[in-house]
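Participant: Please build the complete structure, drawing on both the sequences and the hints.
Protein chains: 2
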Amino acid sequence: MKNYLKHHPWHIIEEGFHREFHEVSESICSLGNGRFGLRGNFEEDYSGKSLRGSYFAGVYYPDLTRVGWWKNGYPEYFAKVLNSVNWIGVRIFIDGEALDLDKTQVSNFVRTLDMEQGLLTRSFDLNPPSGGQLTFHFERFCSMADPDAAAIRISIKSEGYQGKITLEPYLDFDVHNKDSNYGDQFWDRVNEEQDDSFSMVSAITKKTAFTVSSFMHSKVEVNGHQVSIASSSVAPMKVSRLYKVDLKKGEELILHKTVVNLSSLYVHPDHQTEEGKKKLGENEVIGYATMKRDHIEAWHKIWDGADIIIDGNVMAQQGIRFNIFQLWQTYTGADARLNIGPKGFTGEKYGGSTYWDTEAYCIPFYLGTADAAIARNLLVYRYLHLQKAIENAAKLGFKDGAALYPMVTINGEECHNEWEITFEEIHRNGAMVYAIYDYIKYTGDTSYLTDGGLEVMIGVARFWSQRVNYSQDKQAWVMLGVTGPNEYENNVNNNWYTNYLARWCMQYAIEQIEWVKQNHPDKWTRIKQTSEFKEEEIGHWQERINGMYFPWDESRKVYLQQDGFLDKDLMHADDLPASERPINQKWSWDRILRSCFIKQADVLQGMYFFEDHFDEDTHRRHFDFYEPMTVHESSLSPCVHAILASRLGKPEKANEMYLRTSRLDLDDYNNDTEDGLHITSMAGSWMSVVRGFAGMQVKDGLLHLAPVLPAGWEGFSFKIHYRERSLGVTVTGGHCDVTLHSGQPLEIVVNNERRQL
Amino acid sequence: MKNYLKHHPWHIIEEGFHREFHEVSESICSLGNGRFGLRGNFEEDYSGKSLRGSYFAGVYYPDLTRVGWWKNGYPEYFAKVLNSVNWIGVRIFIDGEALDLDKTQVSNFVRTLDMEQGLLTRSFDLNPPSGGQLTFHFERFCSMADPDAAAIRISIKSEGYQGKITLEPYLDFDVHNKDSNYGDQFWDRVNEEQDDSFSMVSAITKKTAFTVSSFMHSKVEVNGHQVSIASSSVAPMKVSRLYKVDLKKGEELILHKTVVNLSSLYVHPDHQTEEGKKKLGENEVIGYATMKRDHIEAWHKIWDGADIIIDGNVMAQQGIRFNIFQLWQTYTGADARLNIGPKGFTGEKYGGSTYWDTEAYCIPFYLGTADAAIARNLLVYRYLHLQKAIENAAKLGFKDGAALYPMVTINGEECHNEWEITFEEIHRNGAMVYAIYDYIKYTGDTSYLTDGGLEVMIGVARFWSQRVNYSQDKQAWVMLGVTGPNEYENNVNNNWYTNYLARWCMQYAIEQIEWVKQNHPDKWTRIKQTSEFKEEEIGHWQERINGMYFPWDESRKVYLQQDGFLDKDLMHADDLPASERPINQKWSWDRILRSCFIKQADVLQGMYFFEDHFDEDTHRRHFDFYEPMTVHESSLSPCVHAILASRLGKPEKANEMYLRTSRLDLDDYNNDTEDGLHITSMAGSWMSVVRGFAGMQVKDGLLHLAPVLPAGWEGFSFKIHYRERSLGVTVTGGHCDVTLHSGQPLEIVVNNERRQL
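Protein chains in written order, with the working numbering: chain W, 14 to 770; chain U, 14 to 770.
Please keep in mind that the hints were generated in silico from the structure rather than gathered at the bench.
All values reported here derive from a predicted model rather than from experimental measurement.
Identical chains share a label here; the pair holds if one copy fits it or two copies do between them.
Straight line, CA to CA, 25 Å or less: simulated SDA-like cross-link-like pairs of lysine to any residue:
hint	residue 1	residue 2
1	K219	V80
2	K362	Y195
3	K84	Y195
4	K712	E766
5	K251	R104
6	K84	L589
7	K116	D688
8	K412	L583
9	K261	Q146
10	K408	R604
11	K292	A311
12	K666	P590
13	K599	E426
14	K454	E524
15	K487	D637
16	K663	D324
17	K666	M328
18	K84	M14
19	K84	H585
20	K220	R65
Facilitator: Here it is in structure tokens:
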């Protein structure tokens, strides 16, 4: 755990350059606008440890799979989000010497991520050997108002310094992925162009043929007087221009670099040059100040709907805003072809593809903070991949339209290559259906059922019905060889969570088929045809629903995580010496597997999903049995436990879990923030507050709140979108005010009492 | 299954060049002499599909581990036997055109592996465009009489042809492993030398610094008249010399190439050049014919002790000789630093390291066919690695001198990198002790106990005592998270075989400690000290022995392969459609894992190891339950089943299994002979005959035989070494003759009747 960043309600502040944590800071200071983004790299040269990263949504490369021992069924490739053009680059020379903070001594270094305005700024002082002082100030943003645009402003002010400053803004597309399996370069050169008014560089991905073009315009002024370009250079995949300035004492040199980034997801490659020049010209007319104002205004609108205000605890406040900020930078919901990668635009790990995190964690966040269309786009993303999911299941021997959604994907095809995950962590398939259920429950909008949802449900139900087998020994339907959400168990039999989810999926599919039959018979005719549904399937599913096996301990009255769980040496995680934690870094894999320790909520994930199915005693027994064995070594773990703990009246545990989830990256709990941020689990932080502390739920079509105030908080407030309304919720000690900001009157339930809004 | 080789009792014959199976033929025609060996590659150029392979015993390279997802505890590298110098190379040009059987049309092609004499020969006719005919004859051997020497003879006879023949014998060390993880070249150049009397090339392995030098002498004659060298060339890692001959009609051109290969395991790098020149000179004096005679004589001696003669079934005869031949080529028992890699000198797959195959399969073979010193050397090999096994266990969290032998190794360090094997297939650890037990039982020689054996036993017993844990639920000691010999199950609980072997290891260790205490108290004092043994350890082991859990099905009265086995859909392998077999090529891994299908003997491996522990009914019940579910997709599977089947009076099954094990590579049952031969399982073929059909066992210090004659055999006979005696066993219909060829008189038991020899 690191603690070098200042606590502040709106800003992340690094005072003094922490070279040793620079890659962590680069991750934390990532910027994005849903369409492209980049790590908090320096504009100028930096020769120290750094992961340069610039990414475009939906632009990927199928990197040939690398494994030690091939297993039949492994995918051919891992689709990776690509490191792409470095569009922020500006080389800076002072009296011919390159500015490089790994070597150049500077003072008063401050790096600030302003989350309210979406700005990354940096300033420091430098005393050149020739005398005097230079004060640097950097500012940049990826425009939330114009998703193709970004801009940088660099100011260099002389305080008694006189000498030669050279600036070289550039675009560089000669970029490699650090995580390339075989050291391949994923980009082929397309072209470069440059004249006095613009520079551009364009490249195309190998195999997938995505074209990305980056355009820049730069302007340098000294005390308001424009400096002309001294020279320019065009090399393969790189363009740059040079400004030479004789800076005098007291003068201020300002560089504006405005950038347009276009990818072929949005602009056809043939039109990118024309479009890029046009947009660059328009932005030049608008000017940096206006671009910035529009960008801040866009953020203002987001915050207006999505902010959570926490009174009396600046750590908690900073944490939650950081999570909300990064989520919105990653995904704005505008495009159903996109999804939320586990690292967003902040790193390369996990390939940048989509996991079940989206369904279990992100959809509730977008449901609560934005128009329902955004969450619906995330559902449609999976509907668009249904055919691939059916093909994926067929590769594993399933038939008749059974669908298995991949563990990791960008384009619907499975990318993962560990058998115990790829083939066995199949509970993800249930999350696809749960997300539809969650969406309908929250929005009341059933139209998605007949617009694709039911076909997804049928494919998933078919998978489960084939994946179980009848045990003569148990006289019940069992599910062998799975990995649950707790990935510290592999290839187990009858994982309770998976069995429970599977049964629920079949049951829910039957119910929804009946509902559609009744209410939209014409649509059912079409769905039945497209999915080649046979009425007898219902009977098969019902047989499995009725006879599904669930491991159970009669003495403790708890469901067992899997068969044989009680054979383990049952211990509490607190009894492990600190020197052995995290166990995933200290223990060999076999030892982890045979231990009782739980990586993330497993049985409790089911209790969380299906809260209404169990009474409070049951919840409490399971929480008290499993949570003490849980090591929370997945970023997805603390939030679920925070929610359950706050509902069970365990405020200390809830608060501990909340801080761990919301400040996971800021405090680098797991020592891995340098690889990038844990984007998807950030949605869990929001859920901890809204579904946890505020106790928000929808039951029988009614919005419920049951707030508790965490220790050390004076109060908290947030807005939620709910069924075309905007509600404001303010919780203080003993009070819960709910305001209807917009939309039709509404009845809600607060602490089991009905209220009219 | 392929069937292109002729059946012959002593020869493997390919008539007509089967280009499509050339890599299979290369594997089958491998030659070796325990110190080096090579695949059956052509001497001349060949541009078709081919795996050039030349290997030196004990010369390895630690190739950096390649995995998809790193697990804590994985070894840093995989030690690989190295593809090394091509010392057979002779380029041949006819009228300037290179001979290349992928392109050059030839007729009357015959390739023959003469197993009796250890010779690989090849002949064919060629009609050059300029007219006439050339008859080629190749012959080569790796000397069994001089483990540093090898020789090649090439004859080209003109029948009406007149023209220019050029011969270019060479040595080439610019060789790469096909299975290199990152495409690295594993050899660094040392030097090359050449003059009229010799050529040499020398290289050193990166990291491990093994030096190998290869020396050649070549002589070309036409009708008995020597041809002088036209030119010679020395390039980095390659030396060659050129002979140009104007061949006239009716003339015969003969090339002799004699080779000396030295590795730094036997000759210090500083002395290799001197030693190589000396040896080359000596062999030159001896001459090709004498070298060949000595080599054949050495093979004659081996066959005299190791041959199995099968009357009335040439397929079975050819199969068993092929197995015996390849085993003796791979390992001659002369050096305790060496062991038997799964592919020997015939390919690169599995890295060329040592698995538990040696203990379970090869030791019985060498015990039966050679002096006990050879099997003892294989035991010593593991004793020399005891410290590494203790370090290996410590890496996985075990302590106090617990030893875990690696799954795969060359130097005692673990090389394997699949968690389910590396960390979990721990039954291998028991095989180390079983081999000691087997050795003592067969030889009656207890001296190895105090020469290292007991320390190995103590280390292994400690491991088992720590690897189990007490299940409060079962009120018994359980072993969680293992992989048994049936690798079609991973991470199972209470694998019966592993639990049984573990308990036996602890029990046997206690007994042997007591015996050594009683009989060699002074040696016990030393062993106790070196192994830091504490008397209370016995109590811990005994507690686990007494309370070990074994999964059992009361209704069928069978031990279960593991917990939950009866939850599977129990089917017979015969009911699988042919299109789905082998399942390891047709099914995804999860489907294999959750199926009931068994890769190789698992419970039955235990029944085989501990035959005396169970009565015949118990054996029969278990065989009848498990064998039908067994797909025999490991080369180690059929032999164990052949033995059990013949003991249970199931001659058809025994014969089916015997043919499958003995002709596995000749008939390419598993479609993988091209990667190299299944060397270690070849010992299983010998066991099928001697321990299976002849029913050889040692019980209470007495040698037992209980022969059955497989259907279609008229009789079979073999010799065995037994307690410094040589016995001949001849089985015909109804009779079993046993002759004492040498050694002291002996009492044995044949079909439960005592006989004096």
